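Given the coordinates of chain A, work out where chain B should sit on it, guided by the hints.
There are 2 protein chains.
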Amino acid sequence: MGNLKANMTMSLDGFVAGPNQSASDPLGVGGEQLHSWLLSLKAFRESHGEEGGEVNTSTPFAEEILGNVGATIMGRNMFGGGPGPWDQAWRGYWGENPPYHHPVFVLTRHSRAPLEMEGGTTFHFVTDGIEWALEHARTAAGAKDISIGGGASAVQQYLAAGLVDELVISLVPILLGAGARLFENLGEPPPPLRQVEAVEAPGVTHLRYVRGS
Amino acid sequence: MGNLKANMTMSLDGFVAGPNQSASDPLGVGGEQLHSWLLSLKAFRESHGEEGGEVNTSTPFAEEILGNVGATIMGRNMFGGGPGPWDQAWRGYWGENPPYHHPVFVLTRHSRAPLEMEGGTTFHFVTDGIEWALEHARTAAGAKDISIGGGASAVQQYLAAGLVDELVISLVPILLGAGARLFENLGEPPPPLRQVEAVEAPGVTHLRYVRGS
Numbered sequence: 000m001g002n003l004k005a006n007m008t009m010s011l012d013g014f015v016a017g018p019n020q021s022a023s024d025p026l027g028v029g030g031e032q033l034h035s036w037l038l039s040l041k042a043f044r045e046s047h048g049e050e051g052g053e054v055n056t057s058t059p060f061a062e063e064i065l066g067n068v069g070a071t072i073m074g075r076n077m078f079g080g081g082p083g084p085w086d087q088a089w090r091g092y093w094g095e096n097p098p099y100h101h102p103v104f105v106l107t108r109h110s111r112a113p114l115e116m117e118g119g120t121t122f123h124f125v126t127d128g129i130e131w132a133l134e135h136a137r138t139a140a141g142a143k144d145i146s147i148g149g150g151a152s153a154v155q156q157y158l159a160a161g162l163v164d165e166l167v168i169s170l171v172p173i174l175l176g177a178g179a180r181l182f183e184n185l186g187e188p189p190p191p192l193r194q195v196e197a198v199e200a201p202g203v204t205h206l207r208y209v210r211g212s
Numbered sequence: 000m001g002n003l004k005a006n007m008t009m010s011l012d013g014f015v016a017g018p019n020q021s022a023s024d025p026l027g028v029g030g031e032q033l034h035s036w037l038l039s040l041k042a043f044r045e046s047h048g049e050e051g052g053e054v055n056t057s058t059p060f061a062e063e064i065l066g067n068v069g070a071t072i073m074g075r076n077m078f079g080g081g082p083g084p085w086d087q088a089w090r091g092y093w094g095e096n097p098p099y100h101h102p103v104f105v106l107t108r109h110s111r112a113p114l115e116m117e118g119g120t121t122f123h124f125v126t127d128g129i130e131w132a133l134e135h136a137r138t139a140a141g142a143k144d145i146s147i148g149g150g151a152s153a154v155q156q157y158l159a160a161g162l163v164d165e166l167v168i169s170l171v172p173i174l175l176g177a178g179a180r181l182f183e184n185l186g187e188p189p190p191p192l193r194q195v196e197a198v199e200a201p202g203v204t205h206l207r208y209v210r211g212s
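Residue numbers (numbering that gives the first Met the number 0), protein chains in the order written: chain A, 0 to 212; chain B, 0 to 212.
One chain only, chain A, in its complex shape (with noise of 0.2 angstroms):
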């Protein structure tokens, strides 16, 4: 059975997000400088058809967050939109062809049948709570591991229950001020983390924790 995990690229003030987010600008006001690390490298370029980039030590985070992955759960808001009923229309941020190949679980109040994207993304959405959309998602991944792929609150609330085998933390040296911040709503008392890796690469460093003091 895969283990639950989240990769999450921090600010060095503890958002993953900036402020004023919004359906136009889902990473918020300076949020776009938080993946910079990942961009820019070969490994995310060759998922993305495309040619270059660099090779450094932030790679195997890169590779880590791009494979071995059998199913994503995400927040509504990841998928793209705010509150109430689906407009049936609306296939979300990700184009056609989402760079997630792979089921995607879609945590949300209201009812939607699935879409089936290009390349092998296919969106479920669950109206019925973490505890069962992790099941779906662990009987979709088999083997693999199952990513939570944000935002905040889909992290918080899996964290807060406990559920997270997993965290890696990209920080980055910038002060974002606002925005979503990550390590709230955790619940008392908060859950033990252990650290198991720290790994230094240019412009961030990836921390890596699980379960357990």
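Simulated from the structure, these hints should not be mistaken for laboratory data. Nothing here was measured: the structure is a model prediction, and the numbers come from that model. Just to be clear, a hint being listed does not mean it is correct.
The list cannot tell twin chains apart, which means a pair is met if one copy fits it or any two copies do.
To be verified - Simulated crosslink set (SDA-like; lysine to any residue; CA at most 25 angstroms straight-line):
{"hint": "1", "residue 1": "Lys41", "residue 2": "Glu196"}
{"hint": "2", "residue 1": "Lys143", "residue 2": "His101"}
{"hint": "3", "residue 1": "Lys143", "residue 2": "Val125"}
{"hint": "4", "residue 1": "Lys143", "residue 2": "Trp131"}
{"hint": "5", "residue 1": "Lys143", "residue 2": "Gln87"}
{"hint": "6", "residue 1": "Lys41", "residue 2": "His123"}
{"hint": "7", "residue 1": "Lys41", "residue 2": "Arg193"}
{"hint": "8", "residue 1": "Lys143", "residue 2": "Gly51"}
{"hint": "9", "residue 1": "Lys143", "residue 2": "Gly69"}
{"hint": "10", "residue 1": "Lys143", "residue 2": "Gly202"}
{"hint": "11", "residue 1": "Lys41", "residue 2": "Gln194"}
{"hint": "12", "residue 1": "Lys143", "residue 2": "Gly74"}
{"hint": "13", "residue 1": "Lys41", "residue 2": "Ser212"}
{"hint": "14", "residue 1": "Lys143", "residue 2": "Ser23"}
{"hint": "15", "residue 1": "Lys143", "residue 2": "Pro189"}
{"hint": "16", "residue 1": "Lys41", "residue 2": "Ser21"}
{"hint": "17", "residue 1": "Lys41", "residue 2": "Glu117"}
Chain B alone, transformed into the frame defined by chain A:
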């Protein structure tokens, strides 16, 4: 001329002290967990006249905190005590032989004569702002570095003013949930930082940043 630096231990959720800080509990609820990486070290124990302790990849960071510092700047809460005029009999948190062994400049709104302690520590009370405290500390430190001893507010004021040359964050995998946040009140735009080092150690990762992007 020495550098102005701050070495702060921070929880993964961004706090340098837990909630409900008070004169009798300056680190707040759970805050004592922050510094266990440091307190277990031989380098720290020796500096406090104690035997035993560990030697590991954290040791150079402990030695850096404890050495080559010619003067320390701290906020009033870090010296000890609440707002308002001084009780002249109050000699602070640090005992008769504080662990500094050099001049310490306390940021305060209320004047007070210098307080000479045992072992080379003299507390000077500076009422004319952070820039003047830094000037006094530079003069006292000579060629050595000046350390901002905390708390969060003192570090924030120097960061916001662009005066911090080097910031070392010792990041520990605990979640305090609330308390004194380090990275806030940093102005707009916040000061640019550049990552220069990240070192994995048992139960902590040491992250070194310098001013500039």
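key: Hints not upheld, ascending by number   = Those not satisfied are hints 5, 6, 8, 10, 14, 15, 16.
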